[in-house]
Every structure is written in C-alpha cells, then in structure tokens.
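Peer 1: These are the residues of each chain, in order.
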Amino acid sequence: MPKLITQVGCPYCGSSCDDIEVLVSDDGKKVLEVHNACTIGNNLFHHANDSTRPMLPRKRQPDGSMKEISYDEAVDYTAKTLLAAKKPLIFGFGSTNCEGMSAVGRVAEKAGAVLDNCASICHGPSFLAIFDNGYPSCTLGEVKNRADCVVFWGCNPMHAHPRHTSRYSIFPRGFFTQKGQMQRTIISVDPRVSDTAKLADIHYMLNQGHDYELFDAFRTVLRGHDIPDEVAGIKKEQILQGAEAMKKARFVMIFFGMGCTHTDGRNHNVDIAISLTRDLNTHTKASIMAMRGHYNIAGPGQVWSWQFGFPYCIDLSKGSHAHMNPGETSSVDLAMRDEVDCFVNVGTDAGAHWPIDAVKHVKKHPFITIDPNFCMASEISDLHIPVRIAGVDEGGVVYRMDNVPIQFKAVLKGLTGVPSDEELFDMIYERMCKLTLTEPIWLAALEHRKYPSVVS
Amino acid sequence: MAEILIKNGFVIDPTRKIDGDVADVAIKDGKIVDTVSSAAKVIDAKGKVVMAGGVDVHAHVAGPKVNVGRLFRPEDKLFKSPMAQKNGYRMESGFSVPSTFKTGYDYARMGYAFVMEAAMPPLFTAHVHEEIHDTPIIDEAALPVFGNNWFVMDYLKKGEIENTAAYIAWLIRVTKGFGIKVVNPGGTAAWSWGLNCLSLDDPVPYFEITPREIIIGLMKANEYLGLPHSMHIHQNNLGNPGNYAITLDSLKLAEGIKPKNKFGREQVMHSTHLQFHSYGGDSWANFESKAKEVMDYVNQNKGITVDLGCVTLDETTTMTADGPFEHHLNHLNHLKWCNVDVELETAAGVVPYVYDKNIKVCGIQWAVGLELGLYATDPNRTFVSTDHPNAGPFIRYPRIIKWLMSKKAREATLDTFKYKDKVIDATNIHSMDRELTLYEIAQMTRSGPAKCLGLSNIYGGLAPGMNADVGVFDLNYKNMPSDPEMIEKAFLRAACFIKSGEIVVRDGEVLGHGHKNTIWVNVKMPENPQVMRDITQSFTKDYTVGLSNYPVRDYLAPHPFVIDVDVEA
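Taken in order, these protein sequences are the chains called A and B. Okay, so the first sequence: first residue is 1 according to our numbering, each after it adds one. Okay, so the second sequence: first residue is 1001 according to our numbering, each after it adds one.
To be clear, the hints were calculated from the coordinates, so they are not data collected in a lab. Keep in mind that this is a model prediction, so the values were computed, not measured. Built from N, CA and C at the ideal position, the CB exists for glycine as well. Please note that a few of the clues may not be correct.
Here chain B is said to cover these stretches of chain A; the calculated rule only asks that three of the stretch's residues, wherever they fall, bring their Cβ under 8 Å from a Cβ of chain B [said to hold, decoys possible]: (1) 9-19; (2) 128-141; (3) 166-175; (4) 255-266; (5) 317-331.
Here are the in silico distance ranges between beta carbons for each label pair [claimed, not checked]: (6) K80(A) - A1412(B): 54 to 62 Å; (7) E439(A) - N1522(B): 29 to 37 Å; (8) E439(A) - M1486(B): 33 to 41 Å; (9) P1551(B) - K29(A): 48 to 56 Å; (10) P2(A) - H1559(B): 31 to 39 Å; (11) K1541(B) - D341(A): 49 to 57 Å; (12) N325(A) - D1356(B): 26 to 34 Å; (13) K235(A) - F1079(B): 34 to 42 Å; (14) M55(A) - K1541(B): 40 to 48 Å; (15) E1075(B) - H47(A): 41 to 49 Å.
A short, non-exhaustive set of chain B residues, derived as facing chain A with CB atoms under 7 Å [to be verified]: (16) D1019; (17) K1077; (18) F1079; (19) A1084; (20) G1194; (21) D1314; (22) W1337; (23) V1340.
Generate the whole structure from the sequences, applying the supplied hints.
Peer 2: Here it is as structure tokens:
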C-alpha cells in the first residue's frame, strides 16, 4: 500500500510550507504523488526518484574525467585538502538542514576556514542594515491573522515564493482578517509590472534604483512634512495615498527582497525601510520582513550566530576568535582577491550563482562540492560528494524566512550508503583529528551524540 | 566513571546546615556518596571553599531572542571576547550575549551546574533546544511563556482552570519545557496591536481579560498540575518610575494560593528580576528606590520567591518577551530595536543598553538590586541574578556576590558615580552595613534556587545521592581576604569544578564537555477532548505550522532528564 505522508515541509523557497502531502510507494523509495506544493516544490520531490542521482563521490582524474570513489576516500581527500589549505572557504548552506550547519562549525574551526552562506550574495545587505538599525518583525502567522496593509517592496512572491501570498500575505482569511484579500490593501513597489504588482491595489512603478528616495518620501510625509511633486518617478498624490493607507491600517507589513538589497543603495535601502517601520509604529502597528530565498537560508544565520556570534562572512582562520567584516571576509570578495586556496561548495550552486570571474579564481585551487545533485558547481569540481536531500530523504530543522524553526520530515528512505550533511561533516572532522593526532571535541559525551559516526 | 575525593575543604552546604566545616566530599558514578575507595582521584581543597554547583533560576541563554541579540550586535564581539583557550576547545564569542560555547564554558568556570532559560516562545521550541544542545557542560531547562497565550486567555476568561491546566500540560510536554513563565501578562498580547497593559485591571484587547485574572488563573493551574516550579512571573509595567505599587499588588495575588506539589517547593509565585519592579517616584527626575517596601512584603510571605536582577553597570543587550517595554526603551535610548511578534503566543524585543555610572538613574538601579539582596531576611527565597543579559551579563554574578559581601566594595563603586550624592539621596544603599556571609551566598545561588525549582533532591547541596556537581573556590573561609576583589576573582574562575562526577574546569580552564542534561517535565494528565479539539482547530485555522511539526522531536534534546508529574484528577 502506498503511504500518504502529511504535513511535509517543502525544500524549495523561504516560505518553507509544511502542509505538503506526499504519497510514497510501499517500499518508501519512490515519490508517487505530491499534493499542495507549487510546481517547483512538486518537482523537487519527484526529482528524488531520478535514477541517475549520484550515489558515490566522484573525483576528477588527471585526464579530466570523473571517477567514482568510496566515501572513505572522499572524506580522506577532503580532510587532507582542508588541512593543507591556508585559508579554505566553505560556502553555501541555502538548501540543507541546521544539523549539517552545526556540524560544519567544528570542521571550519579545525580547518581555520572562512564560513559563509548564500546571504553573502543575497540578503547580506539586509544583515548590514539590521546591525545598524534593528529589525522590528513578526512571524508569518501575525501577517495572516492581522495585517491589513501589506507592502511588497522589490520582491515578487508570485514567482519567487509561489505560495507565500496564499498561505500568509494576501489571500488567507486570518483570525482578525476574516475577509482575506478584501480586507487587505496591497502595495507593490517594483519598476516592473510583475505578477505581484498586478495583484496590488497600489503599484508604485518607480524609477529603477531610486528606492531610497521613495522610502524617504514616505517617511517625510508620515512625519508631517511636504515633499516635491514627484519623487523617484512617482507623483506626490500617489505617495500621499500610500502613506495614508499605511497610517490608517491596523497592522502594516513590509516585505522586501532583492529589489532592495541588490539595487543602488543596497543596505541603505533596507536601513531606511526599517526606519520607516519604526516610524509607522508611532502611528499604528508595523513589521518588516526580508523575503529570504531558500527554505533554510535563514538557518546558517541562526546556527552560526549562536556558535560564532555572526550570521555570515565568518573568518575562523585566526584560530583564536571569529572575525566578520563583509567586503573583507565575504566569499565573492575573497575569491576575487584570490585570498582563498580551497573552496567547498555545500548545498548550493556557486557555479551558477557567482560572478564567473569569482568562480574562475576559486577554480584555480581544490574545489569540492557537497550536494545531493549534479549542478554546475559539481561538474567543475575536483570532488563531488553526494549527500541525502534535506527535506526529502533526510529530516531536520530548517528556519523559515521569519526565523521560525520548522522540523522537516524525511519522506523517503535515503539512498543506501549516502550520508546526511551532518554525518559527512562529522566523518571529515574525525578524519582531520586523526590526521593531526588530536582528540575530537564533541559537544556532548560520545554516547549522547545525535548520530553515530558510522554510515550504514 | 571514576571516583573523586575532594579533601579537607571548607564545606558550605545550607541543605545540611554545614557552614565551613572542614570535611571531604566523595564522588562516585556522577553522584555524591558517603565514601569512596582508595583508588579515588584526590583533589586537595585545603584552605579552599567547597560548594555545590550553582543554580541559575533565570537567565536568557538560548533561543530566538538571545540569538537576535548575538546576530545584530557585532560590536559585542571582537574587543569584548576573550580568545579561545589554547587547548583546542571551541571558539568563544560575545560579551553581553555570549555564544553557546562561551555560555557553557563561562558558567562552568564560575562553578554553575544548572541554568534555567527563562522564556521559551513555544513556536520556537526547536530553536531553543538546538541551542541548548550546542551549549556544553551545563544542565539546562526552559520555561515556555504562557501569559499572553490565546488558549490560556480564552480558557481563563471563561474561568476554566482545568482546561487551562490541560492545555499547559500538553504544551509543556510537546515543547519539553519545565514550567509556567508569564511575561507582562496581557500586555504582550496587547502589543500585537501596538498597545500595552500597565495596570492589573487593563483589559487585553479582544480577549477582554485582565492581567490580574491571568496571574491568578495561572497560579491556580500551576498548583492544579502540581509542577515542580511555581508560576514564574515578570510583572506588568517593568522599568518605570513608581511601578513598585503594581509590583506589591501583583505579589499580593499569591496570598490566596496554596502550594501543592511533591517536590518540596513552598512558594506559589516566583517574581523575577525584582530590581526592575521596585521603583518609586513618578518621573526620571524623582526616580527612587522602593526596595525596602517591596522586600518587607516579600520577607513576610513564604509563598513568594524572588531573584534580584542586579544592574552591573555594563553595556549590555536587553531582551524580553515584554515587547511593548522594548519599544518603550527604544524611544528612551534611540538605539537599534528588534522585535518579534509570535502568532497566538507571545512577542519579544531586543535593544542594546548602556548602564552608565555617569547616569543617575543607572546608579539608582544598581543600588536597588543590591538593596533587595541586603534587605532579604530569608536568603533561601532571594536569589542572585542579573536577568542575564538584561541588567548585565551572567559573568558578573561574582561581582554581585562581592558587592553583597562587602560594604567596602559597594562604597568603592558608589565613589565612581558622577551623581553619587543624588544616588545616595534616592536610595538606602549608603546606610546599609549588612555584609552577607558565604553561607547566605550559597543559599542565594545554590540551595535556594534549587528548592524553588523543585530540584532540591538533585541540585544545590552536597548530600549523598545528589548530583556530583561540586565547585572548589580559592577562598579561605577562616581568613577571608580583606580585598573584596579577591572574592570576585575566586568566584569568577573556580579552582576546580566537577560536573556530573567529571572534572570539567581546573584553575578556570575548561578541560572537558562533561555530561550535559536537558531537563524537562512530563506532565501526565488524562487527555482532555475539548482542549485537543481546540488545539487541532487552531492549528488548522490560525497557526502557520502544522500540528504534527510542532512538538519538538526527541533527538533535539538528546540526553534528557525527565521529571514525571502525575496529575491527580
């Protein structure tokens, strides 16, 4: 009998929907049907059926071809490469679980590595703004139950977070928002007529790169001052109308995305967005939230903050203390200055997402990919180590875009012999300790560790 | 496990009324025993003080708002953290909000064995337990917050204590929590609409229940269940001039309630960080200490325990589930402000704060915290805390002990104040000559909090059968140093600390990660169909996570010590 597993978490976007239903085959090895998920999420589950999924590490040979090797060999190579490198860079972690992120901390400390995650090329500017100005936010349930004015600034959830609008932000009928969309004023700020903009009650089609001015105009109006007849290409009357809608609302929610963090102004756009939220709180209740991209990209920011005190760009190479200075210790900058001599790509695809020049630089040195799938990074790697897919054949904790931890379930039995990220990093750490003749330092007594180090 | 014999120390153990007798403490298999074999490892404690491991009743050490404090304050790191130990232990980071590793190490260095995470938002339980998992050495438990929970407010409005209790039993079980925490009852729920409850009779918007009803209802539910700990409350109107009046009114609510439990607990209300709630005056200009008035009441009422929440005059990070207070504080100091409103349950705010000795109000706050400790007639009901990190980081406990034990140290600090005379005028600290003894300090940091938490059979004493958590401190009981700085130094870095029968600290250096436990309470109560129906319905309609993903999974609390509570119907 096929088995229907309910309330499954989806390993795609930052909405981290946990209401997916997956029908799996009797032997627990095949996904038959996926309900409730968006198209992308649906495909991610079905992809696990792909019979060509890698089951063994593959190492590049002198002739350029890839050859399958054992996990022992792969672990040994990784441990030796990390130890030999002066400043390895371990990057990624958008699409894996927090257990792996916790385990990699030990490896990175031992290796004297730089630990960085996809925020570096994504919501890093948001972190900079949060360092300066704070982050008055809430969980997505508050949005669903209370928000009657929702602003999407530089983000397009209809495409990037397909179920965000139906689960949390536009359509759902919440406790104090029984009329759903009817009760909400939707404002979209986007230089394009995106599909989210089409849904909006007010669409500000501002001049590209002029977000800061428009934020500033809203703040100026809310503080009772006059503004010019046109700001950032938007007419004064329209700005007054939006400001009035926010001021009159009982609960204003501002979502912002790459349109703020990766356009002119970057962290300054987010900074003033936070200031606008603070200002609004003197009139009504207001919150702000970053539209985090991957289902667990908020995870490394959390895990590494509790382990090292910083969410990203963490340089552990000094050995005595962690050091963060984006621009100096951020992945792409390190790569462009050719400061790293080993690159480990984990749970992401730097090959696809990085500037090509940065990829060329890291490619000069040993390049290791730890990822369940073939991707551009895996195909240019010196070593590709497959792991289980967090959210499909491996469970674990992931942090949704509002930093709520969701405990994901595994729906499939993992491929035989393929470890999870956590197991793999623990094996690498043990190997590094053996090579350096040091005692491994586990957090808890050996008998209390979460997972045994031996992979079945 | 090896046997250990701690020889010839000055043993201080209030649970057995031992005050400085020279004696040996024997340890076997993680427990204190009467005798050990000659093979035991011997630790020479001659001329040193031997006490049980410390018990911290209230600190914010793990969870979402603690981590916000770490994440958004890079300035709290580089020049304020020590470098890693040379022996290859994990890197340490952070001053006011230390990393999980530094939290475990620093508590162990101070000889602390148990720490209560003071506020766990239930929706974020997995996060709290992940951090507890990554905190080495110390045993930890966490108190889920209930004072602004929709279920609780709804049941209590209808007067349904049994349903409230059934919901609490369920929530404590699925979150692997420890007891009932209440933060600004009603006020935090009001904050979801940008409002607050500043008096005991301010109704909560929509729920139309008052803080008074929430406090009484939760105390009743706590005793209905017979939990090890009492209701643990952060009262309304924290931090404002004149708030001692509402503090006294809230404390008086405990009068009608009788403790009912099998854990030796005698109080029905633990009123936390009392310093923040003992202010007179009606503005910052005539702000003054009302520590005497508050402590006079506490001293007379056995149904109440308190912890001090001493201001340590540091730059720190305030964080509390009292969301409206943090918003208010942000308007006072204009620094950065984080806030998280949590659906159906609670909220939290985080704001950095500088307790500056050049500011009169900060000086008065410092005095209020110490006055509370010095006015206490029962140190077994008055505990050392800083509401870490709100009034100061926990690594200042030794400094608080120094101030409590030495008038000379207090006067030296008063002398550094810019507005010394104004602080003296607004407080009583300058006229107080009391100096607490090591025995009283052991009550305030060991036996007292252990009893208040219902854990007196395992922590806080050195009787055979108790957990082998033993600290050795470089203080000569018979010949205490004339320089009070030596007291702080001795308590900051234990000469030796044994946790669960294993030496984890020697001369202030961490030597091992020991055997850490997560302690949680398993409340066994017959299933209540109405409450389960309400929970299911609410998760279907109001929450954004699935009910089956809500209970924290076992592997996240991998070495549990579970306290079973059977609820008699």
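Peer 1: For each hint, tell me whether it holds in the structure or not.
Peer 2: Hint check:
Counting residues of the region 9-19 of chain A whose beta carbon lies closer than 8 Å to any beta carbon of chain B gives 3, which meets the minimum of three for the stated coverage. With 12 residues bearing a CB less than 8 Å from a CB of chain B, the region 128-141 of chain A meets the requirement of three and the coverage assertion stands. Here's how the region 166-175 of chain A fares: 4 of its residues keep a CB closer than 8 Å to some CB of chain B, so the rule of at least three is met and the hint holds. For the region 255-266 of chain A, the proposed coverage by chain B is not satisfied: 0 residues have a C-beta within less than 8 Å of a C-beta in that chain, short of the threshold of three.
Coverage of the region 317-331 of chain A by chain B holds. Counting CB-CB distances below 8 Å, 6 residues qualify, and the rule asks for three or more. At about 56 Å, the beta-carbon gap between K80(A) and A1412(B) stays in the expected band of 54 to 62 Å. A beta carbon spacing of about 36 Å between E439(A) and N1522(B) agrees with the range 29 to 37 Å that was offered as a hint. Between E439(A) and M1486(B) the beta carbons are some 35 Å apart, a value that agrees with the proposed interval 33 to 41 Å.
For the pair P1551(B) and K29(A), the beta carbons lie near 27 Å from each other, so the given range of 48 to 56 Å is not met. Taking the beta carbon of each, P2(A) and H1559(B) are about 37 Å apart, inside 31 to 39 Å as hinted. In this structure the supplied range 49 to 57 Å holds for K1541(B) paired with D341(A), their Cβ-Cβ distance being about 54 Å. For the hinted restraint 26 to 34 Å between N325(A) and D1356(B), the CB-CB distance of approximately 28 Å keeps it satisfied.
Hint check: K235(A) to F1079(B), Cβ distance near 50 Å, so the stated range 34 to 42 Å is violated. Our hint of 40 to 48 Å for M55(A) and K1541(B) holds, since their Cβ atoms are close to 43 Å apart. Distance hint check: the CB atoms of E1075(B) and H47(A) are about 44 Å apart, consistent with the given range 41 to 49 Å. For D1019(B), the interface hint is violated, the least distance from its beta-carbon to any beta-carbon of chain A being 35 Å, above 7 Å.
Given the 7 Å rule on beta carbons, the hint for K1077(B) holds: about 5 Å separates it from the nearest Cβ of chain A. Restraint check, F1079(B) versus chain A: the minimum CB separation of about 10 Å is more than 7 Å; hint violated. Contact between A1084(B) and chain A, as hinted, is supported at the beta carbon level, the nearest pair being about 5 Å apart and thus within 7 Å. For G1194(B), the shortest C-beta to C-beta distance to chain A is roughly 4 Å, which falls under 7 Å, so the interface hint holds.
Annotation: interface hint on D1314(B) violated; nearest CB of chain A at approximately 17 Å, more than 7 Å. With its C-beta approaching chain A no nearer than about 4 Å, W1337(B) sits inside the 7 Å limit, and its interface hint holds. Interface hint status for V1340(B): upheld, as the beta-carbon distance to the closest one in chain A is roughly 6 Å, under 7 Å.
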